[in-house]
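*Asks:* Going by the numbering used here, the sequence shown opens with residue 7, and the numbers climb by one from there.
Simulated from the structure, these hints should not be mistaken for lab results. Some clues are possibly wrong.
Said to hold, decoys possible - Mimicking DMTMM-like on lysine to aspartate or glutamate, the simulated pairs with C-alpha atoms at most 20 Å apart in a straight line are:
| # | residue 1 | residue 2 |
| --- | --- | --- |
| 1 | K134 | E76 |
| 2 | K20 | D142 |
| 3 | K171 | D108 |
| 4 | K47 | D108 |
| 5 | K56 | E105 |
| 6 | K20 | D108 |
| 7 | K9 | E76 |
| 8 | K173 | D108 |
| 9 | K20 | E86 |
| 10 | K20 | E76 |
| 11 | K115 | E105 |
| 12 | K168 | D108 |
| 13 | K134 | E145 |
| 14 | K9 | E75 |
| 15 | K171 | E105 |
| 16 | K168 | E86 |
| 17 | K47 | D142 |
| 18 | K134 | E86 |
| 19 | K173 | E105 |
| 20 | K51 | E105 |
| 21 | K51 | D108 |
| 22 | K117 | E105 |
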Amino acid sequence: MIKLQEIVDFVFTKIPSVYLIVGSTVLFLFMGTMAFIVRSKAANKPISPKRIILPPLFMSTGALMFLFEEFRVALPQIFEAIGAGLLFSIILIKTTNFEQKDNHLYVKKSKAFLFILLGLLVVRLVAKLILSSSVDVGELAGMFWILAFAMILPWRIGMLVKYYKIKRNFN
7 MIKLQEIVDF VFTKIPSVYL IVGSTVLFLF MGTMAFIVRS KAANKPISPK RIILPPLFMS
67 TGALMFLFEE FRVALPQIFE AIGAGLLFSI ILIKTTNFEQ KDNHLYVKKS KAFLFILLGL
127 LVVRLVAKLI LSSSVDVGEL AGMFWILAFA MILPWRIGML VKYYKIKRNF N
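Modelling step: build the complete structure from the supplied sequences, incorporating the hints.
*Replies:* And the structure:
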């Protein structure tokens with residue numbers, strides 16, 4: 007039986023890093039497109055605390071990558087990734103609003119969301135291409151996971167706070 011560590015070792019020792027960078031970039035662009043599509047469709051469904059809380063909860067399982075040496079990040083880079091994530095979360099918190107329809111709350115559709123998402127995708131892509139020459143691919147993946155989690159968690163907490171404020175005013 008093949009162990010997960012053997013697969014990770016194979017990927018990081020046998021596959022040239024340029025292929026890992028290109029492959030992960032293509033996958034990233036696909037995931038970004040999917041995020042936009044999912045977010046657009048989600049705006050047509052009522053929001054609930056469960057729908058706000060679940061995404062960061064599901065994403066937290068990604069922290070298991072840090073069990074493997076290849077993905078571990080040095081302390082200064084952890085702080086850099088968290089700082090960048092927190093800055094991006096402020097934009098998301100400020101631009102995510104709710105509206106009431108049929109006695110339910112919905113995430114208000116925003117034209118700014120498309121530009122914010124595209125901006126985040128471009129910033130992440132450019133940073134990845136620049137950093138990939140000086141940071142190992144696995145470590146870079148760890149840094150971007152930390153950045154994304156540090157962005158999504160405060161954003162979702164902000165959404166939850168806004169949700170309960172609005173709900174309290176309706177009742």
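*Asks:* Evaluate each hint against the coordinates.
*Replies:* Here is what the structure says about each hint:
Simply put, K134 and E76 have alpha-carbon atoms about 17 Å apart, close enough for the 20 Å limit, and the pair holds. For a cut-off of 20 Å, the pair hint linking K20 to D142 stands: about 14 Å separates their Cα positions. For the suggested pair K171 and D108, the alpha carbons sit about 18 Å apart, so the restraint of at most 20 Å is met. As the CA atoms of K47 and D108 are separated by approximately 18 Å, the hinted pair is consistent with the 20 Å bound.
The suggested pairing of K56 with E105 holds, with an alpha-carbon distance near 18 Å, which does not exceed 20 Å. Straight-line distance between C-alpha atoms of K20 and D108 comes to about 57 Å, which puts the hinted pair past the 20 Å bound. For a cut-off of 20 Å, the pair hint linking K9 to E76 stands: about 15 Å separates their Cα positions. Between the alpha carbons of K173 and D108 the distance comes to roughly 13 Å, so the proposed pair stays at or under 20 Å and holds.
With a C-alpha separation of about 30 Å, the suggested pairing of K20 with E86 is violated against the 20 Å cut-off. Pair hint K20 plus E76 holds up; C-alpha atoms about 14 Å apart against a cutoff of 20 Å. Distance check on the hinted pair: K115 and E105 sit about 9 Å apart at the alpha-carbon level, within 20 Å; holds. Distance hint between K168 and D108 is fulfilled; the C-alpha atoms sit about 19 Å from each other, no more than 20 Å.
For a cut-off of 20 Å, the pair hint linking K134 to E145 stands: about 11 Å separates their Cα positions. A hinted pair counts as satisfied when its Cα atoms are at most 20 Å apart, and K9 with E75 qualifies at roughly 15 Å. A threshold of 20 Å between alpha carbons decides the hint, and for K171 with E105 the separation of about 12 Å falls inside it, so the pair holds. Between K168 and E86, the direct Cα distance comes to roughly 28 Å. Violation of the 20 Å bound is thereby established for this hinted pair.
Simply put, K47 and D142 have alpha-carbon atoms about 36 Å apart, too far for the 20 Å limit, and the pair is violated. Among the hinted pairs, K134 with E86 is consistent with the structure: their alpha-carbon atoms are about 14 Å apart, no more than 20 Å. For a cut-off of 20 Å, the pair hint linking K173 to E105 stands: about 11 Å separates their Cα positions. At most 20 Å may separate the alpha-carbon atoms for a hinted pair to count; K51 and E105 meet this at roughly 12 Å.
Under the criterion of a C-alpha separation no larger than 20 Å, the hint pairing K51 with D108 is consistent with the structure, at around 11 Å. With a CA separation close to 15 Å, the supplied pair K117 and E105 stays within the 20 Å bound.
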